[in-house]
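> Use these hints to put chains C, Z, V, X and H onto chain P, whose structure you have.
Protein chains in written order, with this note's numbering: chain P, 170 to 460; chain C, 170 to 460; chain Z, 170 to 460; chain V, 170 to 460; chain X, 170 to 460; chain H, 170 to 460.
Derived from the structure by calculation, the hints contain no laboratory data. Don't take every hint at face value.
Said to hold, decoys possible - Distance windows between CB atoms, simulated:
| id | chain 1 | residue 1 | chain 2 | residue 2 | range |
| --- | --- | --- | --- | --- | --- |
| 1 | Z | 387 | H | 323 | 36 to 42 Å |
| 2 | V | 387 | C | 295 | 41 to 47 Å |
| 3 | Z | 405 | P | 422 | 33 to 39 Å |
| 4 | H | 387 | X | 214 | 45 to 51 Å |
| 5 | H | 314 | V | 256 | 33 to 39 Å |
| 6 | V | 182 | C | 299 | 53 to 59 Å |
| 7 | Z | 196 | P | 197 | 32 to 38 Å |
Said to hold, decoys possible - Here are some chain X residues the structure puts well away from chain H; computed CB gaps all over 10 Å:
| id | residue |
| --- | --- |
| 8 | 246 |
| 9 | 311 |
| 10 | 322 |
| 11 | 416 |
| 12 | 419 |
| 13 | 425 |
| 14 | 452 |
| 15 | 454 |
Yeah, the Cβ is synthetic: ideal placement off N, Cα and C, and Gly gets one too.
Residues per chain, in single letters:
There are 6 protein chains.
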Amino acid sequence: MLRVVLPKGSLEQATLQLFEDADLSVSRASDFDYRATIDDPRIVDVRILRPQEIPRYVADGLFDVGVTGRDWIEETGADVVTLSELHYSKATARPIRVVVAVEEASPAKSVADLPSGVRVHTEYPELTRRFFETHGVDAEVSLSYGATEAKVPEIADAVVEITETGRALHAAGLKILDTILVSYTELIANPVAHGDAEKRRAMEQIQTLLAGSLEARGRVLVKLNVDGANLDRVIALLPALKSPTVSKLFGNDAYAVETVVAKSEINILIPALKEHGATDVLELPISKIVH
Amino acid sequence: MLRVVLPKGSLEQATLQLFEDADLSVSRASDFDYRATIDDPRIVDVRILRPQEIPRYVADGLFDVGVTGRDWIEETGADVVTLSELHYSKATARPIRVVVAVEEASPAKSVADLPSGVRVHTEYPELTRRFFETHGVDAEVSLSYGATEAKVPEIADAVVEITETGRALHAAGLKILDTILVSYTELIANPVAHGDAEKRRAMEQIQTLLAGSLEARGRVLVKLNVDGANLDRVIALLPALKSPTVSKLFGNDAYAVETVVAKSEINILIPALKEHGATDVLELPISKIVH
Amino acid sequence: MLRVVLPKGSLEQATLQLFEDADLSVSRASDFDYRATIDDPRIVDVRILRPQEIPRYVADGLFDVGVTGRDWIEETGADVVTLSELHYSKATARPIRVVVAVEEASPAKSVADLPSGVRVHTEYPELTRRFFETHGVDAEVSLSYGATEAKVPEIADAVVEITETGRALHAAGLKILDTILVSYTELIANPVAHGDAEKRRAMEQIQTLLAGSLEARGRVLVKLNVDGANLDRVIALLPALKSPTVSKLFGNDAYAVETVVAKSEINILIPALKEHGATDVLELPISKIVH
Amino acid sequence: MLRVVLPKGSLEQATLQLFEDADLSVSRASDFDYRATIDDPRIVDVRILRPQEIPRYVADGLFDVGVTGRDWIEETGADVVTLSELHYSKATARPIRVVVAVEEASPAKSVADLPSGVRVHTEYPELTRRFFETHGVDAEVSLSYGATEAKVPEIADAVVEITETGRALHAAGLKILDTILVSYTELIANPVAHGDAEKRRAMEQIQTLLAGSLEARGRVLVKLNVDGANLDRVIALLPALKSPTVSKLFGNDAYAVETVVAKSEINILIPALKEHGATDVLELPISKIVH
Amino acid sequence: MLRVVLPKGSLEQATLQLFEDADLSVSRASDFDYRATIDDPRIVDVRILRPQEIPRYVADGLFDVGVTGRDWIEETGADVVTLSELHYSKATARPIRVVVAVEEASPAKSVADLPSGVRVHTEYPELTRRFFETHGVDAEVSLSYGATEAKVPEIADAVVEITETGRALHAAGLKILDTILVSYTELIANPVAHGDAEKRRAMEQIQTLLAGSLEARGRVLVKLNVDGANLDRVIALLPALKSPTVSKLFGNDAYAVETVVAKSEINILIPALKEHGATDVLELPISKIVH
Amino acid sequence: MLRVVLPKGSLEQATLQLFEDADLSVSRASDFDYRATIDDPRIVDVRILRPQEIPRYVADGLFDVGVTGRDWIEETGADVVTLSELHYSKATARPIRVVVAVEEASPAKSVADLPSGVRVHTEYPELTRRFFETHGVDAEVSLSYGATEAKVPEIADAVVEITETGRALHAAGLKILDTILVSYTELIANPVAHGDAEKRRAMEQIQTLLAGSLEARGRVLVKLNVDGANLDRVIALLPALKSPTVSKLFGNDAYAVETVVAKSEINILIPALKEHGATDVLELPISKIVH
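For reference, chain P alone in the conformation it holds in the complex (with noise of 0.2 Å):
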């Protein structure tokens, strides 16, 4: 019952390959077509279109549903409800920003330093033009069709563009004045369908199962084999995310222990647990996990 709409282009990839592990897989008839659909009985209708134009779609109720960026939500001001953001980009966990740059060798420090009738090119106006307005800057900003870090200096003065580590815009000789927005990829909804409580719970449920695969990427299970002696200090090592699942084994005294643990810790505490008595280590992969 909810019409939902996805990013096609950068985000695309990442998207699709998010709904397939939250086991909402999206089905199209072939790679280009806009037309999809997801066999889950909340889901009526899926539509893949520019990430752009999305916030308009959903605040206009021609969808209930959306991803897409943070961006492009306050780059068009539209009035949608954040369901939650999701920390995926097209390769990474990491957001985007969008910054100012300018060239290298210019003696500005920020935006304010930038002199009035400055040419400003992005794909960002009405963000960058509000920007601007609030550091006092009179900016001359043009709509720019991509390319945009290769127009300084010769076109343009400045450019507001985004970036994730900001490796291009320095290949490209330019410096980084000011972080305009944070941007994360977010699940968006349109106010009067998040308003029905019915369309709520549906959209809930799917937040759950996108969240629930989104955090089992970066996370393992961790499971262990400890005698009584030891168990409190090998429990007292696991991180505290949640608490961790102890039964008795048969026949000894001994313990059967299992938690979830995020992999950027395990190459820490796999070795301080054997160190601490425990026995019979194993990391498994998770598909999913929900709280």
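Same frame as chain P, now just chains C, Z, V, X and H:
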């Protein structure tokens, strides 16, 4: 001690993947080799040959066990024992269908409407002759070497072809009149070898491994914790596929529950479990299930 | 605090995969970069260099820990400490062998049959000189830059080459006379660094993570349920690798058993478990095993 | 001395190929670079930017010469001089068309039949507004960021899109109502630069090279021998494109004739030449033709 | 006005390339389409079908002209007219051979040595039956669907297969006993259509274009200058393929000579020309040659 | 009768392409084969080996003729005869340079500024030793197996490396101090074989074919017509490379002129020709030029 024959061609990749998943990896010097080995004491010889020829070779005792499609078993009329259907095909778990198709513009609504002398091209001449005879139509059946659907209407009046979704036939401007056969991949055996107790036991063990891998593809392991008060409500939600494994947790009035769930039900089940008091719900991938 | 050097070239991909599996992911700006990082407090610097040069650099103290082949440790005669063999190579878990090969038509049956002045081309001149000296043959050893096996008989009379299966040598018309060395990939350390207690502990922890990942590759977790009457028979079937984890199920006289099994035994074990009363047998993938 | 701007994106590959064929190879540090050079004394600077922005930059004098589509010249209304049409596009020599399309089921037969308030989505909002105004229809025009044809009927009532064959629109269930513009790629110039005699001469020379390469693509050189008696009949068969080059052969009453022929006429011409007495007919590829 | 049928499968790519080189480009909506067009007034319809079926369809008058192998013409015994051999196959200009092969260890030296009842598998059952009958051997011939050479010795005693170099048969452990047929690709015609004067003329014109392209592949145009004193010596060196075109140069006692030479002779000819006084020797590629 | 050795590795593809262009195609059973053949009566044997080893093998008389780089001839100090430089390398016609490079931050301005004991890593130890000796610097030279530029500053103080554009060294943070050698690919011969008149003649003929192909790469044939009044002006424009071929046209006072022009001059020449009265200017590709 079993001699095994596997299908070359469109089923080849999927069949080798299934055997690998079943811990019966097929080794070849190169991807184009027709001779192979499986490192398993029950299997002495492996050959990879055209699926059309496999029923006859198994019936003749050249091999004890084979994998091929029901379509070729019917076409050849070979005397073989079916150990089990294996629900996979080239890319999906769906069966193929052998259908009769004619031009979309044709007035015919079923095979019985086709005129005497109708020119039918097919890769299944025997199956086709039997089907048309049964329906009382005197057809002129020609063996086709491929590109069959492209022959209507100039070269053929009707075709008998395999199809999974009907899309290719539709794209060629044809409509389906009748389905002759719904065909799954099958694990077949030579009747004499199947009558030998020791060989039969080996065949059944191999079938257990293949079926265990196929079944695991569509399922996941769900683990959750629940306190005593909610245990019965949570268990009542779980699918009846098998009874869940319940262990009492150490040190508090809570239980660890684990069960196997079909992937297609997860999107509904997990939100429901959470709403009924389950905590720390985890979903884990499974490689094999044997009941 | 450890400086680490990893091998560029044929072992590179497999080594980086192992470190990633061990939750010690190696990050580089590009696939062609020689400088890298591992986000781990025990590791301060990572370099990716030719395996031939790694033993010398570790011996000289330019790095604390390195990964290279036993062949290059022997060739260079470098003074390093072996922390452990790592049983993987370019594509498999098998070692490579350094062998002496000659024309198939040669009457020689071992190195001792080769005449004085025999022209031997090899990428391992030191190893070769030592081996021929030991066998009392006065050889004329030349450093080969590659394509070594193609030089017999016009340019060389014998070659000393690595081989995994012997297939490439056979295809070049050569036969193997003797094996000089069986060479696994090794994790090596600088002796002085290894004498430092804190560094040694860090090395051992890293070795634990690498070994845990390697071991997990060939194993799976088997879970099953069994009633009290069959418990002992089922447990008797399980491999002695480690004692199984047994928990009593809640509410009936049955037990949950889980254990780790080598993949190569699964094809025999699962049918046997089923025949002895095990039910709901599940096989799950494992990412790491630490005893 | 000319500053040149070339189109990034769908026309990029074909434009760079044309410049290379014209012996004006464009060099870049990488395929993603926006700055380039052409080793030619008439050209001082080369940039590769979005075709949408090129008309404005050329009109503003940021560049002297540019390559872009007629569609973007019209959309921007930029004041530029057209040096010549260049008959190539992404993959063929055909132009693209900018068309108005609506649902196939729509009763409208032309733009004039569309109702007031019709929602039109397009990447060409200016062109669209002017066209609808001219036809007296009060349209609500929205800028589309892509996937435009997928928006009918839910999001848009009509679209203004480019098409080459109409196939993609047809596949999306749309029909074409009107053609707003037939658009070729064009070589354009800044009016002031074009007024400068020296720059104008350089522009014309470059245009000569580009046109010479484009024309050569569809033509071949035909050489043949013919004796005096048949000379006139054979020459009469040759296309009137240019007068053939005739030389008398040494030592007998025969002539060598060569001429340029369109590839599309060769299949008819060569058999005819042979039937009229031409011998030793040769067809040779041509790289450039300048009349 | 001619209906044309071209071979799908292993000959497809090479056939379409030949038609394109002959300025008879074959257009299809997609690479998998069986219907095509050629923009030529002599050709009304093009189909791409299995080469096995083409002789029969041409004989039956479903098509006027076809391209297929001599092997299938013989196998089907179809009544068709051969317009010309076209000396190309999958990858080379060499013919294929249809041969009888047996195990290398077999004592048989020719087909006549094979025992009565010999099991022969082949994709050419008719050709095989006729050949064995002629040689007085009573064979049990089975239609093979592929992988034929892999069936010896368990499933078949002998095979009848195509081969170009014999390498695949050798690699499968087989030896060739006899060659049944040397088979080139052929341009064939329906006998009735060939009897029609107008159609015959069209067929011959198309054959001229195809043959002209094929011949040009192995040849180049050589141009050179030579002074009067050396003219005869240089001309004497030129291959007798066709008489060279000689023109007197303007303003001095020198001559321009051009002629067509086989690529395989160029490596000998050019040094010889230079040694005999030719200067400014140029080699140019040719697209088509019609004598 | 010549035995030929060609370079395996980075020069391999370009070398085989040159031999093919020269109508001396190199045939191998597979791309990884070290033994090859050329179908030419002057060449009896072809081997493809590492360029490092080729100078020594040619000097030792194992081969009569070889292709390798000047760098390896100098490094090995082998006694060979250079037949000609072949101006091609991996991807371009430019030579490589062997240079000394150090950290960009180093104060050294030339090799003479480097301190005694400087650690130099290189694939050219002999060349390096000789160069440092000549410059009076006592260096500690180590053989490097690759990744050489990555060793500065931790493992090496300076490197001696090949470079074409200097870009890779710059990217690694290094600066070039001195150029030891500018190295082209060369065609070399064994001195004894070169002293044999018949072999020498064969070598020179092969060199003629290779040089003719290389020269043709950068040139095109220009053909044009011009009337008598403009003939001298047009001829005066043509490059002096060779005198143009002029023939009088039949039937009017006009001339056909053809000449060979460097591609790099075409962009200037063609507009000039047109401005001076040339008509019907054609540019044709050339395969080989022999003066």
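> Next step is simple, just say for each hint if it's right about the structure.
Comparing the hints with the structure gives:
1. The beta-carbon spacing between residue 387/Z and residue 323/H, approximately 37 Å, falls within the hinted interval of 36 to 42 Å.
2. For the hinted restraint 41 to 47 Å between residue 387/V and residue 295/C, the CB-CB distance of approximately 53 Å leaves it violated.
3. Against the hinted window of 33 to 39 Å, the Cβ-Cβ separation of residue 405/Z and residue 422/P comes to about 23 Å, which falls outside the hint.
4. Checked against the hint of 45 to 51 Å, the C-beta distance between residue 387/H and residue 214/X comes to roughly 47 Å, which is consistent with it.
5. Against the hinted window of 33 to 39 Å, the Cβ-Cβ separation of residue 314/H and residue 256/V comes to about 54 Å, which falls outside the hint.
6. A hinted range of 53 to 59 Å holds for the C-beta pair residue 182/V and residue 299/C, which are about 56 Å apart.
7. Distance hint check for residue 196/Z and residue 197/P: the Cβ-Cβ separation is about 34 Å, which falls inside the suggested range of 32 to 38 Å.
8. Distance check on residue 246/X: its Cβ is at least 38 Å (rounded) from any Cβ of chain H, clearing the 10 Å threshold; non-interface status holds.
9. The beta carbon of residue 311/X is kept farther than 10 Å from every beta carbon of chain H, the shortest such distance being approximately 33 Å.
10. Chain H leaves residue 322/X outside its interface by the beta-carbon criterion, the shortest separation being 27 Å against a cut-off of 10 Å.
11. With a closest Cβ-Cβ approach of about 5 Å to chain H, residue 416/X is found to fall inside the 10 Å limit, against its non-interface label.
12. Its beta-carbon lying about 4 Å from the closest one in chain H, residue 419/X breaks the requirement of being farther than 10 Å from that chain.
13. With a minimum CB-CB distance of about 5 Å to chain H, residue 425/X fails to clear the 10 Å threshold, and the non-interface call is violated.
14. Consistency note on residue 452/X: stated as away from chain H, yet its beta-carbon is not over 10 Å from all of that chain's, at 4 Å minimum.
15. Separation of residue 454/X from chain H is inadequate, the least Cβ-Cβ distance of about 6 Å not exceeding the 10 Å criterion.
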